[in-house]
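**Q** Sequence:
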Amino acid sequence: MISLVEKQEIILSHFREGKSQWEIHRRTGIDRKTIRKYIREYEKKKRQLLNSQEEDKELIADIISAPKYDSSNRIRRKLTDEIIERIHFFLKENEIKKATGRSKQQKKKIDIYEALIEEGYDISYPTVCTYIRENCKQTKEAYIRQEYQLGEVCEFDWGYVNLIIDGKPKSLQMAAFASAKGNYRYARLYHNQRMEHFLDVHVKFFNQVEGVYQTVVYDNMKVAVKRFVSKTEKDPTEDLLKLSLYYGFRYRFCNACSGNEKGHVERSIEYIRRKVFSKRDTFKNLDEANEYLQEVLVKLNDRITEYNDGKSPRDILEEEKPYLLELMPSYDTARTTELRVNKYSVISIDENKYSVPDDLVGKFVFVKIYPETIFVYHHNKLIAQHNRNYGTHTWNIKIEHYIKTIKKKPGSLHSSTAMRQMNPTLQTIYNKYYTENPKDFIDLLELIGQKGLEKVESVIKELEKLSPIGINTEKIKMLCNRNKDEEKIIHQERATQIEEHSKLILSHYGNLLKGSCVAFHKEAKII
Numbered sequence: 001m002i003s004l005v006e007k008q009e010i011i012l013s014h015f016r017e018g019k020s021q022w023e024i025h026r027r028t029g030i031d032r033k034t035i036r037k038y039i040r041e042y043e044k045k046k047r048q049l050l051n052s053q054e055e056d057k058e059l060i061a062d063i064i065s066a067p068k069y070d071s072s073n074r075i076r077r078k079l080t081d082e083i084i085e086r087i088h089f090f091l092k093e094n095e096i097k098k099a100t101g102r103s104k105q106q107k108k109k110i111d112i113y114e115a116l117i118e119e120g121y122d123i124s125y126p127t128v129c130t131y132i133r134e135n136c137k138q139t140k141e142a143y144i145r146q147e148y149q150l151g152e153v154c155e156f157d158w159g160y161v162n163l164i165i166d167g168k169p170k171s172l173q174m175a176a177f178a179s180a181k182g183n184y185r186y187a188r189l190y191h192n193q194r195m196e197h198f199l200d201v202h203v204k205f206f207n208q209v210e211g212v213y214q215t216v217v218y219d220n221m222k223v224a225v226k227r228f229v230s231k232t233e234k235d236p237t238e239d240l241l242k243l244s245l246y247y248g249f250r251y252r253f254c255n256a257c258s259g260n261e262k263g264h265v266e267r268s269i270e271y272i273r274r275k276v277f278s279k280r281d282t283f284k285n286l287d288e289a290n291e292y293l294q295e296v297l298v299k300l301n302d303r304i305t306e307y308n309d310g311k312s313p314r315d316i317l318e319e320e321k322p323y324l325l326e327l328m329p330s331y332d333t334a335r336t337t338e339l340r341v342n343k344y345s346v347i348s349i350d351e352n353k354y355s356v357p358d359d360l361v362g363k364f365v366f367v368k369i370y371p372e373t374i375f376v377y378h379h380n381k382l383i384a385q386h387n388r389n390y391g392t393h394t395w396n397i398k399i400e401h402y403i404k405t406i407k408k409k410p411g412s413l414h415s416s417t418a419m420r421q422m423n424p425t426l427q428t429i430y431n432k433y434y435t436e437n438p439k440d441f442i443d444l445l446e447l448i449g450q451k452g453l454e455k456v457e458s459v460i461k462e463l464e465k466l467s468p469i470g471i472n473t474e475k476i477k478m479l480c481n482r483n484k485d486e487e488k489i490i491h492q493e494r495a496t497q498i499e500e501h502s503k504l505i506l507s508h509y510g511n512l513l514k515g516s517c518v519a520f521h522k523e524a525k526i527i
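Residues in the sequence shown are numbered consecutively from 1, following the UniProt record's numbering.
Hints are not guaranteed to be accurate.
Straight line, CA to CA, 20 Å or less: simulated SDA-like cross-link-like pairs of lysine to any residue [stated by the list, open to error]:
#, residue 1, residue 2
1, LYS44, GLN21
2, LYS170, GLU291
3, LYS170, LYS204
4, LYS408, LYS461
5, LYS108, GLU134
6, LYS226, ASP239
7, LYS321, GLU210
8, LYS275, TYR377
9, LYS222, GLU210
10, LYS408, LEU453
11, LYS368, TYR190
12, LYS461, PHE441
13, LYS204, THR215
14, LYS204, GLU233
15, LYS170, HIS191
16, LYS321, ASN308
17, LYS19, GLN48
18, LYS37, ASP81
19, LYS226, ASN308
20, LYS432, LEU453
It is worth saying that the hints were derived from the structure and are not from the lab. The structure presented is a predicted model; accordingly, all values stated were derived computationally and were not measured.
Please model the complete structure; the sequences and the hints are all you need to start from.
**A** The structure is reproduced here in structure tokens:
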């Protein structure tokens with residue numbers, strides 16, 4: 001196909017310069033049939049235009065248009081009706097996925113092409129792209145600009161951040177809020193998107209802004225949406241219902257695959273991630289990363305923006321505060337569940353194990369799971385507390401939970417997981433004084449439960465000064481149970497005994513030294 005420039009060259013050379021078709025062919029190298037075709041077309045359309053009484057814009061456009069082939073009658077050699085049917089099947093499949101909240105699993109053009117090849121069809125990727133582009137055009141969506149009232153709407157969303165924590169790469173979840181009116185931003189990092197983190201970030205955000213927005217907008221996240229009733233109707237989770245009931249805010253869900261309906265927070269995720277962590281992405285622990293995040297957010301919220309009439313997001317937040325709902329005392333953010341204690345006297349939470357007292361094996365316990373702490377209850381009584389572990393398949397064991405079992409099986413203590421995770425101070429005491437008598441060590445653990453580790457440790461240090469070899473639980477118990485008056489009497493008696501014993505020894509030496517005039521029952525100075 002010749003270009004528009006070549007078409008112009010043919011027309012001008014023939015009609016203005018009077019060159020023959022043969023001369024044009026020799027100069028340009030274009031086939032004489034092609035030259036003859038464009039000369040005849042031009043003559044015909046020019047004649048029609050001159051003879052027309054009205055201005056024919058279509059004819060004018062046709063004269064000056066670039067050359068093109070008429071491919072309407074061309075027979076498709078590879079893009080058969082069967083392949084077209086399969087392409088439409090995949091496109092229909094995409095529409096179903098989009099309508100049911102699975103938009104991120106739709107097939108792109110390259111995926112449709114690869115699926116056709118796997119099914120044995122002989123087709124090229126450009127052919128598939130061209131057909132989809134020309135025959136499956138979709139009308140672009142129009143958007144309506146929104147105007148928000150003070151204190152009316154805020155938006156919530158999750159996003160991921162890749163950081164280096166304690167020298168190891170870690171993918172963390174960032175929960176973020178953004179106010180619709182002033183774009184005030186709040187964010188916090190968590191290990192995952194569990195319910196306790198969802199609740200925790202709400203409480204922290206409401207406490208920071210000193211109030212509650214009248215409506216909170218969410219997408220179709222599983223911590224907010226329990227199930228899809230229809231394409232536009234969703235049932236909220238019980239925890240979201242309780243949270244909204246407690247604070248008094250209304251909630252609204254976006255339509256499927258419509259992130260633009262909460263565009264403030266959608267942009268905020270990318271904005272915060274870039275502004276905060278593009279400069280620094282290495283931290284000792286999650287707490288340090290969160291502290292740094294809050295420091296930078298303060299600066300970002302203090303920036304003056306032109307579209308807010310020269311006000312910062314914090315300035316607009318101050319204007320919104322009188323319109324916010326009254327702040328309630330902090331909501332209990334725990335995720336609660338009931339779990340059965342297995343034969344190892346542990347419960348399983350997010351694939352990690354946590355110990356409970358061994359007399360609860362086979363029984364159900366009530367668990368409150370917070371972002372950093374786990375509390376375990378039985379019959380409304382707190383029976384265990386653990387620091388939250390975000391590893392995989394870890395065992396979090398406290399040896400005091402196994403005292404009854406180890407009393408029956410003292411030989412199991414030495415190589416147990418409980419022993420390996422025991423307090424380092426206790427491990428040192430065990431290795432120094434109890435390796436040959438583990439049953440006596442269990443009695444010491446019971447004593448620690450009553451008196452505390454600090455008290456027992458101080459008593460052991462005192463005994464080490466007197467007799468480092470003869471330390472046992474009975475002596476430790478005796479010293480722990482004495483009162484202060486008894487302690488003074490014991491110290492006085494001990495001092496008197498030492499003094500009398502020393503005088504006796506010196507008297508024996510005096511008898512051995514003939515002619516000595518030193519009275520050993522009095523003070524003596526030895527030089």
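**Q** Taking only the CA atoms, is the gap from LYS321 to ASN308 under or equal to 20 Å?
**A** Satisfied, since the Cα-Cα distance of roughly 17 Å is no more than 20 Å.
**Q** Given the hint that LYS204 pairs with THR215, test it: the Cα-Cα distance must not exceed 20 Å.
**A** holds, 17 Å
**Q** Is LYS321 within 20 Å of GLU210, Cα to Cα?
**A** holds, 7 Å
**Q** Given the proposed pairing of LYS19 with GLN48, does the C-alpha separation stay at or below 20 Å?
**A** Violated: LYS19 and GLN48 sit about 24 Å apart, past 20 Å.
**Q** LYS37 and ASP81 were given as a pair; does the straight-line alpha-carbon distance stay at or below 20 Å?
**A** violated, 34 Å
**Q** Check whether the Cα positions of LYS170 and GLU291 lie no farther apart than 20 Å.
**A** This hinted pair holds, its Cα atoms lying about 17 Å apart.
**Q** For a C-alpha distance cap of 20 Å, please report whether LYS44 and GLN21 respect it.
**A** At roughly 17 Å apart (the allowed maximum being 20 Å), GLN21 and LYS44 satisfy the hint.
**Q** Straight-line Cα separation of LYS226 and ASP239 no greater than 20 Å?
**A** holds, 10 Å
**Q** Taking 20 Å as the top limit, are the C-alpha atoms of LYS432 and LEU453 close enough?
**A** holds, 16 Å
**Q** For the pair supplied as a hint, LYS170 and LYS204, confirm whether the alpha-carbon distance does not exceed 20 Å.
**A** violated, 23 Å
**Q** Holds or violated: LYS222 with GLU210, Cα cutoff 20 Å?
**A** Violated, because 27 Å separates the two Cα atoms, which is more than 20 Å.
**Q** Hinted pair, alpha-carbon criterion (20 Å max): LYS368, TYR190. Please report holds or violated.
**A** Since the Cα atoms of LYS368 and TYR190 sit roughly 18 Å apart, the hinted pair holds (cutoff 20 Å).
Hint violations for this structure: numbers 3, 4, 8, 9, 10, 14, 17, 18 and 19, all remaining hints satisfied.
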